[in-house]
Amino acid sequence: NAGVTQTPKFRVLKTGQSMTLLCAQDMNHEYMYWYRQDPGMGLRLIHYSVGEGTTAKGEVPDGYNVSRLKKQNFLLGLESAAPSQTSVYFCASSHTGTGGEQYFGPGTRLTVT
Amino acid sequence: QQQVKQSPQSLIVQKGGISIINCAYENTAFDYFPWYQQFPGKGPALLIAIRPDVSEKKEGRFTISFNKSAKQFSLHIMDSQPGDSATYFCAADIRAGSSNTGKLIFGQGTTLQVKP
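Order-wise, the sequence lines are chains A and B. Be aware that the first sequence starts at 143, since it is given in our numbering, and climbs by one per residue. Be aware that the second sequence starts at 3, since it is given in our numbering, and climbs by one per residue.
Hints are computed from structural coordinates only; laboratory data are not their basis. Note that the coordinates shown come from a computational prediction; the quantities given were computed from them, not determined experimentally. Glycine included, C-beta positions come from ideal geometry on N, C-alpha and C. It is possible that part of the hints are untrue.
As the list claims (entries may be wrong) - In the SDA-like style, the derived pairs of lysine to any residue whose C-alpha atoms are separated by at most 20 Å in a straight line are:
#1 K151/A <-> K73/B
#2 K7/B <-> K70/B
#3 K73/B <-> I14/B
#4 K117/B <-> I20/B
#5 K70/B <-> Y34/B
#6 K7/B <-> E201/A
#7 K44/B <-> D168/A
#8 K44/B <-> T253/A
What the hints assert, rightly or not - The following label-pair restraints were derived from C-beta to C-beta distances:
#9 M161/A <-> A47/B: 21 to 31 Å
#10 K156/A <-> D33/B: 41 to 51 Å
#11 L211/A <-> I14/B: 43 to 53 Å
#12 I20/B <-> S209/A: 39 to 49 Å
#13 P181/A <-> I20/B: 18 to 28 Å
#14 A47/B <-> D204/A: 25 to 35 Å
#15 R63/B <-> N143/A: 46 to 56 Å
#16 Q159/A <-> D81/B: 42 to 52 Å
Same shape as in the complex, but just chain B:
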């Protein structure tokens, strides 16, 4: 119930194309869903995040779509660029009662390669 399942494991997209990464969860207590981007040899960095009270959030070329009833959310990268080549992780924040821990459950990761 605490898992976040991410797919695909790897993705190859042509420059200018749309990259789509999907995540699914079971625990309805999750209430914050961030996406992190990681370049080789670096730590992850927050890319974009959403709360379940909205169905979509857009920041530049990056959009999160959220389907609360299906317990799924996805990251869309429009006009994908070679510089977007990285590993992407979805995550969900565990809220245990009123405690504020910030504990994240991460998906398995998707390695994106954007070909020029």
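If we strip away everything but chain A, and leave its shape as in the complex, we get:
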């Protein structure tokens, strides 16, 4: 039981390049989330999904897109990376949504130069 896994662990992009971060969970959770973590700002929700085929915007969605084609996977895309997107990205999943524990992946450290 791997829990929540994220691919890749590290990535360096040049401004304007695109990439996709993959999150996978093996707990059959309905709810999945993408956060970014920046020093002094805590974790901020980018996008989330309440089930397969659904996505919704969080606090800071600009510059990101997501897809949830399969229940176990949640993809975060950056179409044209900017230095402001340099951050550590965490994916999380939850069984019950509101009031439920969120299980976090190990994170992806992204640097945009």
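Given chain A, work out where chain B should sit, using these hints.
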């Protein structure tokens, strides 16, 4: 109104001491308040959580105190140990009408160092 303000930003405590981290919120629609613990290089993990219908919840050395009228809640770590050294985040669950999204608003984080 959607913010959760956390203090202090960093905290140094001697082994055996009490660590106290405070959070304040404005939105009275928040109705679930978890604390997450994060070790360096790892993702956050749920430590303890409380709902506003109780004023205190204790799990081992960790206690949440909740003051609904003041819109404040705090984490107390009794008998702090070096292994407690980590970053702690408070959070609040946004409930939008009847929707069940599980969206969390996190505080800014507190880095705790427990000296041996």
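Now for the hints, and whether the structure bears them out:
| no. | hint | in the structure |
| --- | --- | --- |
| 1 | K151/A <-> K73/B | violated, 38 Å |
| 2 | K7/B <-> K70/B | holds, 15 Å |
| 3 | K73/B <-> I14/B | violated, 26 Å |
| 4 | K117/B <-> I20/B | holds, 12 Å |
| 5 | K70/B <-> Y34/B | holds, 12 Å |
| 6 | K7/B <-> E201/A | holds, 16 Å |
| 7 | K44/B <-> D168/A | holds, 19 Å |
| 8 | K44/B <-> T253/A | holds, 18 Å |
| 9 | M161/A <-> A47/B: 21 to 31 Å | holds, 27 Å |
| 10 | K156/A <-> D33/B: 41 to 51 Å | holds, 44 Å |
| 11 | L211/A <-> I14/B: 43 to 53 Å | holds, 47 Å |
| 12 | I20/B <-> S209/A: 39 to 49 Å | holds, 46 Å |
| 13 | P181/A <-> I20/B: 18 to 28 Å | holds, 26 Å |
| 14 | A47/B <-> D204/A: 25 to 35 Å | holds, 29 Å |
| 15 | R63/B <-> N143/A: 46 to 56 Å | violated, 28 Å |
| 16 | Q159/A <-> D81/B: 42 to 52 Å | holds, 49 Å |
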